[in-house]
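Quick note: the sequence shown uses the numbering used here, first residue 93, plus one each step.
Just so you know, the hints here were simulated from the structure itself, not pulled from any lab data. Heads up, a few of these hints could be off.
[To be verified] Dumping the calculated DSBU-like pairs for lysine-lysine here, alpha-carbon to alpha-carbon at most 30 Å: (1) K162 / K203; (2) K111 / K162; (3) K210 / K111; (4) K203 / K111.
Since this is a predicted model, take the numbers as computed values, not measurements.
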Amino acid sequence: MSTLFPLRVRGAGTRRRGKQLVGPINMTWDGGGTRVVLGPNGSGKTTLLRLLHGIARLHDGEVIWASGTKAAQNAQAFVFQRPVMLRRSVVENLMYPLRLRSVSTGQARQKAEDWAVKVGLADHIDRSAPVLSGGEQQKLAIARALIGEPELVFLDEPTASLDGRATREIEAILNDAVASGTRVIIATHDMGQARRLAKDVVFLLHGRVHEESPADTFFDAPQTPEARAFLNGDIVE
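Given only the sequences and the hints, what does the whole structure look like? Please build it.
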């Protein structure tokens with residue numbers, strides 16, 4: 093049973109150099125399944141994820157986690173669009189978050205090896221992480237986020253530059269995580285991926301939430317002309 097939810101966001105916003113990046117944001121989430129944040133480029137998807145995770149400064153409003161902010165942040169992980177690799181081997185990258193939590197070296201290595209198998213990196217376990225392919229690095233980044241068993245994982249366009257095979261593999265990893273009880277918030281512009289993964293959708297435009305609804309409702313009967321245009325492949329400004 094998750095202690096993070098419900099999540100309530102009330103009038104939240106962030107600025108940079110006087111420019112409003114997102115906000116005011118009002119939304120709620122009960123934490124079930126996978127929530128997909130959709131919107132055209134420049135709509136504020138990445139900034140919204142960073143704001144919720146606490147790595148973008150909250151200038152206005154509030155982000156209210158049921159568990160409280162500090163406990164929520166300790167139970168979360170974030171996967172960036174461009175994977176951040178430690179200049180270490182695959183297994184050492186996987187061990188790193190466990191060692192930060194004082195897990196013994198032996199236990200951390202065993203768990204890291206198990207996760208390398210799970211995400212298809214068993215044959216690369218002793219390779220330097222920075223020399224892996226883009227798809228392999230993204231699988232490693234996701235495994236490193238999940239290995240600590242967070243309650244919630246944020247993912248920012250995790251398959252944006254990957255081919256179909258790598259995308260399928262990563263989506264399978266995420267589906268397995270959700271089936272095991274992990275909550276996922278993913279920002280994507282890939283409509284097919286959104287349809288495959290989403291339990292519910294937040295449609296973002298100009299830094300504001302235009303729609304927040306179950307996935308079936310959003311894709312079958314969007315409520316705003318902007319969302320309908322976006323789903324039709326039109327340019328939304």
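Quiz item: Checked against the structure, which of the hints given earlier come out wrong?
Solution: As far as the earlier hints go, 3 and 4 are violated by this structure, in ascending order.
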